[in-house]
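**Q** So the sequences go chain by chain: A and B. Numbering-wise, the first sequence is residues 1 to 727 according to our numbering. Numbering-wise, the second sequence is residues 1001 to 1122 according to our numbering.
Just to be clear, a hint being listed does not mean it is correct.
Claimed, not checked - Restricting the straight-line Cα-Cα distance to at most 30 Å, the calculated cross-link-like pairs of lysine-lysine (DSSO-like) are:
#: 1; chain 1: B; residue 1: K1039; chain 2: B; residue 2: K1099
#: 2; chain 1: B; residue 1: K1066; chain 2: A; residue 2: K510
#: 3; chain 1: B; residue 1: K1045; chain 2: A; residue 2: K510
#: 4; chain 1: A; residue 1: K460; chain 2: A; residue 2: K403
Said to hold, decoys possible - Not the full set, but computed from the structure, chain A residues with beta-carbon under 7 Å of chain B:
#: 5; residue: N370
#: 6; residue: N374
#: 7; residue: H420
#: 8; residue: L490
#: 9; residue: H495
#: 10; residue: S549
#: 11; residue: A550
It should be emphasised that the hints constitute simulated quantities derived from the structure, not laboratory data. Only a predicted model underlies this, so the values are computations on that prediction, with no experimental measurement involved. We put the beta carbon where it would ideally sit given N, CA and C, even for glycine.
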Amino acid sequence: MTVRLFRMLLLLSALLAGMPGYAEQAEPLVVAVHKHFPPHYILDETRVPDGFAIEVLEEIADRSGMRLVYRVYDDWAGMQEALRHGEVDLIPNMGITPQRKAFAAFTDPVETFAIGLFVRETNQDIHGLPDLAGIRAAGLERNVGLRLLKAAGNIEVITYDTQEHALFELLAGDVEAFAYPIPVAWKSARSAGVEDLIKQVGPPLKEIKRAIAVRKGDQVLLERLNASVGQFVGTPEYARIYSRWFGAPEPYWTVRRVMLVGGGGSALLLILIVIAMAYWRYRTTVVLYHDLKDSVEERDRAQQALERLNAELESRVDQRTGELQKEIRERKETEERLRKSEQSLEKAQQIAGLGNWEWDIPSGELSWSNEIYNIFGLDADQFFPEYDSFLACIHPEDRDRVKEAVDRALHQHQPYLVEHRLLRPDGEVRYVQEQGEVTRDRYDTPLRMIGIVHDITDRKRMESTMVQTEKMMSVGGLAAGMAHELNNPLGGILHGLQNMRRRLSPELEKNLEIAGGLGLDLERVERYLEQRGILGFLDGIEDAGERASAIVRNMLQFSRKSEIEMEKTDLAQLMEQTLELAAVDYDLKKRFDFRKIEVVRELEPGVPAVSCVASEIQQVLLNLLRNAAHAFSQAPDELQTTPRIVIRLARESDRVVIEVEDNGPGMDDKTRKRVFEPFFTTRPPGEGTGLGLCVSYFIICDEHGGEMRVESAPGQGSRFIIGLPLV
Amino acid sequence: MSLILIVDDEESVLLNLVAFIEDEGYEVISASDGEQALKIIDERKPDLGIMDMRLPGMDGNELIIKAHQLHGAMKYLVHTGSADYILPPELVGIGLSEKNVFKKPVPDMAIFTQAIADLLAE
């Protein structure tokens, strides 16, 4: 069902005074009008119905003494439905068709017009309906023209909802023809100022008559209306209304009429002609006046139509602009997504220490992701990656191996997987693993190689630390076992010495007794032993035995789990105590006066207490301080700077880190790698057991579950780093 | 004169301890394994034993427990080469404590004579 626009408009028609019978009518007639079907129906600015049909009806109603009330509808169907159901009494100017006669009765025609076919002025191909086969032609919804086009059967019919729209599309070339009531089409074209751009072609498609429709059976109303229709249609007033709504009518005086009239030749006729001419002149002046008035109004309407067309054009431009803007927006969004995805890829590569590369083999062009430059320690702006410049970055000892791996991948179809070192421009050595795939053409010629570089330096270091730890643990176990076995023979030596000394001593009663029995003077025996240095040898044996037993004691620490419970210990305080201990340490004083060393404390406040065996940690710290002091004593004079030890304490997430750093002569690579090994020492034989750092390592790593490592280079001092877990 | 039994499978240890403690004026007898030691304890009832822990056959702990059954009044010094030796509850049960334990190598044998004198005086 069509939605109806219920808008009641009351218009009182003037009653003709002194005409009895018409005054009897009390109820006004309800008239159905279309809300927009120019020029028959339009609504003026105050939404009051106006138009050719309305004006004609009002003239007729005027003559019949009828009052009218208008009801406005959206479409013809609604109007017809309303008439059928008696909701309205009449419809002015409805086309007379057999279908409509089924429910409506029509007055005598108030308007006769034809449906014409319109094309663009420039069109030379279409001369009538038969030329439209397969061509796009326009019609208006519910209009006879549309039905005629459709009835042709072979025309591509496009339906529009307004005449202006259809005309616009015709001129725009969207359709080739437009079938529409001829006067209305011209009127519309003139309003829009495009009457020169279209033409009507071929004979009219159909002639149609319009009349006032009443409900079928309403004979009384029909007769009353018919009486006035006969009076009004064809009068100058009717012509004036027609020309107002359909534009200028054809001139009254055609050549044919003049010829007809001229054939009479009588004086009376001449007089009549003069009078008629005078009257015509008067009428013409009136008509001209109205025409002028109309043309002003028409210009305004044309202006409005033009504005509508402009508005339509603008809305089209707006629509297209909107589409373009949407496209641009979508493209920007896509670019933004791409940029974000690239960013997160780059970040992922940075976190993983992984870069990707692509090598175009024919051109030799090599492209690297940013992370490769980072891994290689190169500046992306100053380095141009090529196969040769890539090879130059590889550690010289690994270069041939990488070349071979590339050759094998290119020529022997082997997977490219190689681990090698890089020698960065700053001298740092890093370990990387490379992996890649070769793309070939159909002749098996390598075209491209795509791959990744993974920085595995940290993993390598961790592996080497693990190997180191494992080695140390097995060495430790071995040492502990050996210590056990050595204890008994050592005991034999030391206890044997103790017995020998005592049994040579004249102070023991039993010695004198037995010596007396043999006729020996024990005091003389003792002098003999002294003079021959035998007592010195015994001292030597004892000294050696005690040293060996000290080594064994140390070695035993590798296997011994501390029996002392771990206690929460304030490491800052422990470090201070250890420094005090170092200052008075006799062994230390013998070699290097600890008080000459500048000690810098970088202790982070608020480091939590660590669960540990304080005496053992102290032993480790003291050992490190002793080593540092020893390092200063070894420094060549020309390198001698103010000896300085920096002691640091800091919290690092779930562990506490202690550092002991000296500015001594430092260690070369070989020494640094072996420094924790048992019995490894740089001191002259007899001066150190080579177990100090080894024991320290076990105390930290094995007993406390921590870690211990050293950083050092010749001339750069040494830094020992200890990490102890907080849990 | 108190009788001291020294048990050790290491000859040099036995030799030295026996000599040293004899020189201190005790009567000393030695054994190099548990079986031999138990026989001596059964026959001679020594006042005190210095017991090595790692012996061929029965170990020192077992030896002390069995010896205690044979001769309840006997006193003991544990002489061990294991740095991580812990006194088992059975020995604590018959009156031994940390002061009875000596870890090898004992730097000065006078430590033993002092401990022997202290224990025998109890």
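**Q** With reference to the structure, classify each hint as holding or not holding.
**A** Evaluation of the provided hints:
1. B:K1039 / B:K1099: holds (27 Å)
2. B:K1066 / A:K510: violated (36 Å)
3. B:K1045 / A:K510: The hint holds at about 26 Å.
4. A:K460 / A:K403: Holds, because 22 Å separates the two Cα atoms, which is no more than 30 Å.
5. N370: Cβ of N370 (chain A) sits 56 Å from chain B, so the hint is violated.
6. N374: Interface hint status for N374 (chain A): violated (51 Å vs cutoff 7 Å).
7. H420: violated (47 Å)
8. L490: Check passed: Cβ of L490 (chain A) comes within 5 Å of chain B, closer than 7 Å.
9. H495: Status holds, d = 4 Å.
10. S549: Holds: closest Cβ of chain B sits about 6 Å from S549 (chain A), inside 7 Å.
11. A550: Nearest chain B Cβ about 11 Å off; hint violated.
Hints 2, 5, 6, 7 and 11 from the list above are not met by this structure, while the remaining hints are.
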